[in-house]
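S.K.: Single-letter residue listing:
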Amino acid sequence: MQPTLYRQMLRARSFELAVAELWRQGRISGEMHLGTGEEAVVAGVVTQLRDGDGLALAHRCAPPLVVRGVPLLPILRELLGKPDGLGGGRGGHMHLFSRAHLAGSSGIVGASLPMGAGLALAAARLRPGAIAVAFVGEGALNQGMALETLNLAAVWRLPLLVVCIDNDWSIVTRSSAVSAGTPLARASAFGWRTASVDGTDAETVYAEAGRMIDELRASRTPGPAFLLATCPRLDGHFLGDPLIRASHRPHEDGRQLIGEVVASVGQDGGGWLDRAKGMLRLAGVMARARAGADRESARDPVRRAREAMTGNTDTRDRIEAEVGQEIAGALEAALADDAAGSDA
Amino acid sequence: MQPTLYRQMLRARSFELAVAELWRQGRISGEMHLGTGEEAVVAGVVTQLRDGDGLALAHRCAPPLVVRGVPLLPILRELLGKPDGLGGGRGGHMHLFSRAHLAGSSGIVGASLPMGAGLALAAARLRPGAIAVAFVGEGALNQGMALETLNLAAVWRLPLLVVCIDNDWSIVTRSSAVSAGTPLARASAFGWRTASVDGTDAETVYAEAGRMIDELRASRTPGPAFLLATCPRLDGHFLGDPLIRASHRPHEDGRQLIGEVVASVGQDGGGWLDRAKGMLRLAGVMARARAGADRESARDPVRRAREAMTGNTDTRDRIEAEVGQEIAGALEAALADDAAGSDA
Amino acid sequence: MTRQAAMPEYTFGKAIDAAIADAMAEDETIVLIGEDAPMLRAPLFARFGADRVMAAPISEAAFLGAAAGAAMGGLRPIVELYMVDFLAVGFDAVLNHMAKMPTFTAGTWPCPVLIRAPSGGGYGDGGQHGQSLWGMLAAIPGLTVVVPSTPATALAHDGPVILMEPKLLSAEWLEFLGSGGRTTVTYDVPAAGATGDVPQSHAVPFGKAKVCREGDDVTIVSIAVGVHRSLEAAGRLAAEGIEADVLDLRSLRPLDHDAVVASVKKTGRLLVVDEDYCAFGLSGELGAVVLEAGLSPQYARVCLEDTLPYARHLEDAALPNVERIAAAARRLAARSR
Amino acid sequence: MTRQAAMPEYTFGKAIDAAIADAMAEDETIVLIGEDAPMLRAPLFARFGADRVMAAPISEAAFLGAAAGAAMGGLRPIVELYMVDFLAVGFDAVLNHMAKMPTFTAGTWPCPVLIRAPSGGGYGDGGQHGQSLWGMLAAIPGLTVVVPSTPATALAHDGPVILMEPKLLSAEWLEFLGSGGRTTVTYDVPAAGATGDVPQSHAVPFGKAKVCREGDDVTIVSIAVGVHRSLEAAGRLAAEGIEADVLDLRSLRPLDHDAVVASVKKTGRLLVVDEDYCAFGLSGELGAVVLEAGLSPQYARVCLEDTLPYARHLEDAALPNVERIAAAARRLAARSR
Ligand SMILES: Cc1ncc(C[n+]2csc(CCOP(=O)(O)OP(=O)(O)O)c2C)c(N)n1
Ligand SMILES: Cc1ncc(C[n+]2csc(CCOP(=O)(O)OP(=O)(O)O)c2C)c(N)n1
Ligand SMILES: [Mg+2]
Ligand SMILES: [Mg+2]
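Protein chains in written order, with the numbering used here: chain A, 41 to 384; chain B, 41 to 384; chain C, 225 to 561; chain D, 225 to 561.
If you are wondering where the hints come from, they were derived from the structure by calculation, not from laboratory data.
Possibly wrong hints are sitting among the right ones.
Claimed, not checked - Under 10 Å between C-beta atoms, here's a sample of chain C residues computed to sit facing chain B:
(1) Arg-276
(2) Ala-280
(3) Pro-281
(4) Glu-284
(5) Gly-298
(6) Leu-538
(7) Ala-541
As the list claims (entries may be wrong) - Which bits of chain D does chain A cover? Going by a derived footprint, with three or more residues having C-beta under 8 Å, they are:
(8) 275 to 283
(9) 341 to 353
(10) 502 to 513
Backbone N, C-alpha and C fix where the C-beta goes; we use that ideal spot for every residue, glycine too.
Start from the sequences and build out the full structure, keeping to the hints where you can.
M.R.: Rendered as structure tokens:
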């Protein structure tokens, strides 16, 4: 295990655990999507970026920025809505931008693909050897502009690496239930070079992404590459995800939902089979949500990386101490003017 | 050769030649896109539709409506902008609708796919055994909503037949130059059943489309089918296509374009190679436009169908006489109140 | 000014849900389409099954376009968007297809699609998730644009309708998108919005404004959250001796010209309160409406001027709030009419 | 009223082409992207090559979005749409991305995309191909909306700009989309639009209206084709003793409030002429602008009320024409101010 990869994964995870705490305290508003579970993918890819490379992100945008080296304080300050945040406190969690790192995000599903294609075009024209990376969810591959970009980036032969993080979730729907064919088949149909990796294994991601990135850098008109990485979604769609709450504590948070469903089934409409299917589907989705969100799971990439460091406990301990300090320091600085409470 | 197919192809062709004449006379305004060259595809597919089936069309929408049995007079009257036209003269050539035939059109590239999916959904829910057919150009397969529909129709398992007419043209661009992968590869990637046919051969189209349509009708949740049909574009993108004019009469209509290009190359900017490539590309596109628009070509489907009727000249002659009369009659009726000239 | 989000028994969103459930039970041609629809509308899914409550991929352009096609084919689709902001990826289906059916078919072929779209900010979700956009939608001939004072009417309608559901007035959306089980966040939720003024489930005609409060000194015209803010402001103003007429337009297309003109004729002063963008929107249109009627009122508007900021305090300041409304009304009242 | 489409030496569209050519020669970061761009802009393609004049697939959402990304990466893309109607399939890139960069990046990261979009009707192409849509675009904070009186300014601009090119004023588009080599069709082309008032290739600031004609009796405010129609109407009105101020706004966002207010202060009457949809658009906004300035003019508007019809005579009647403008101005002039 490369210590850098573990360090970066831990930085991303620790940063987001801090964010989750800020969210719980009511200091962060709106839909806070974490990337917990994606750290191996993020670290394996983003550690390979250089100055002049572009980075296009979706709604789980903090971890890649953390790994990319964007200072933590302005990210935190943005999440807190402060004037010295990345976007002056006016952007927010789905709109983290760092011009210095040519990195942008979007809360519109699918938008990271055209953005990435554009960053790749600029790289090709202005900074030969530079590339762009776009992260996208598997659910977003059903969005028109994303599919269009599968064509556009190919015919323009752009130095673009698309990293598709496949957690098989689109909010509370299994993506596979609303998606035909596989992401890889789609990318292949548009002539992309493709590969798929276990997205909980940072070393593998690093190797496969590295190979693709090298190819992209080597040619003037390489044409794009597509890396599919499967990994879990450890904290639901966003913090406070009702499905997670309902499935973890069905007698509390799930009560209302289930009660309504049962009441509704008692009424007219739909055949018996349809109704039964409805109940079963609900139950199934909740069970999967419960399983997927298991932090103790062997699929937790940070846990896995930590285990891979057992041969090197000194380094591991040092990294953990340093990262802990870094995040604590950033958090303290971020809250310095705000010790009093959760008021803005 | 089924006489019906020849008759329908001839009806579509004769109708459009009449339209072209009305256009030349200035009685039809705007962009008049003909479907000349597509008749074998249109006849081979549309003759198999029944009451309750839907039909979603793009900007070359008259021939399918003619073959579908929509009365000719209201179509002509619509093209002439008259109050008794299909859309009261307010729709126009890209907006021909016939509720009785569940047929609609759109001038927005790609829109026929979601429209077709919707018609297929309604068929599935309300008229079991009924289907919908959507015609679409190969260029339109780069449009987001069309690509999205490749997914949507598959996951909803709709009784939809998409007929992709591949003339390799998107206005004045070779579609293949801006498209990665093939239409069939794309449809397959989304799990569609696919087939490809020579779109100038009506019998083959009929057989292949028939097989697909039968499958669609036979199941409650069949999932969609994709038929790729290649054929020529005989009259350019629209009537008056400047590329056709320029390549047929380069010393007249082409003069201005070519003169400007030559003048521009003389100025600064771009390397020598780029400029040469620019000139070559222009010349290449014009040559292909010239070749593709050759009405004497063996690829003309109506010519081909006529030859296939040589064993049956009696029937052929009768069909030709009847169709000639039908179209002349419709034309006469359409112009009855308008003998004076081209004023509206 | 901030108070805890209430969780009342029967809320705004639930009233629409109930109207939809009734309509679906009555009319088998109604299908409901949306991302996560089987989960978000679990009661309807369990009751009506997967053929009528359909999960959609994240493909707004395709499923809005398909809804138009399905309506042509005889269904009456209800399409749920997650937020009206996302209509931007499927805008063509509304602008160039649904809304143009009346013209293209000479009125012979209706397109009974109902789009239900949560709208607006106030819970700190940033500029891509807090827009209202009803101004640009109301500009489109052939489209009906309503705020759900009248869900039953919208369901019975034969043309394309977009029904906005201000998230701030919807306890369900606010819990889902904002609170997520927390008790540590607060929103400026008008209590009457979430409960008191629950939409009628019986049909009320479109294009009829509702006079929510009467007064002779100034007319305040608004829609959605703005109505509640205006009423609160009117309460304060009354204490200062300024009496306001407060109108809830309830639909923007059709727009109730008569009600606005009648009130402004009486008061001689017009204040428009709109949480949508200021320029080229509702506030402008109402200016034209009164001028066309030959009136020349004192006029002001309190709207959203720029992209909605994320920070909660900036957001609350950018959206029309009671302070800004009351201040503008005071200034108007001080001018002679 | 109809006359033959003229084919002058140096036209409206050519003036923009020339400004683009100059800018591309000067600034190597400019790339031009569009469907058919290598053919439609063959002179630029031959001069600057395939790396700078890029053919795009029919994927407006992707190439508009990519243009935004490219601008973030340091290029200055010019995106050509076939028509502004088709912006509907790529609307998200404009509304939710380009226009929101100033807010999301606290003004630190500009998005210098120029979108060039032919607009408007008058040549019988039907309701999906003849829209203007600048009203809804001008509602978007962060976007600049201009009609090409000032192409050089638009090219030098650092934010997203949409530059409208009314097809009726562009001999090239009219020949391409309308005439196709025929001499049997006629359009109501204002001669001065296609030739006389050729856009300056030097930079003129945005948001400055141009007073095209002066008069004391009524203010006519318009943009694009409407300006020429208004001038022709003003000529007729003058013969009847009614003198009109005619203003060409030239950009809608920013909007020249001062010029409108100054003129209306003088005349006491405001007539808005707009080939875009009537409700919730420019005519409304100008109503609000004068009311906000404390003016109470006699007011009327001549706009497009419904989806543009295909039939040429219906289309000419639906678009603001000289007769409707003159009649409205006469009615206004008859009212005391
Ligand atoms: C155009 C658009 N439609 C819908 C949404 C609402 N939405 C936000 S995230 C999401 C699911 C995205 O799934 P995926 O792309 O797989 O990413 P993940 O959340 O799993 O990381 C949806 C539907 C949106 N933001 N934008
Ligand atoms: C969304 C959209 N973009 C662009 C256009 C302009 N346009 C009209 S037809 C066409 C080419 C379509 O090519 P294809 O789909 O292959 O159909 P064909 O014309 O070859 O029949 C284009 C780009 C349009 N009508 N709609
Ligand atoms: Mg996912
Ligand atoms: Mg084609």
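S.K.: Check each numbered hint from earlier against the structure, then list the numbers of those it violates in ascending order.
M.R.: The structure breaks hints 6, 7, 9 and 10; every other hint is satisfied.
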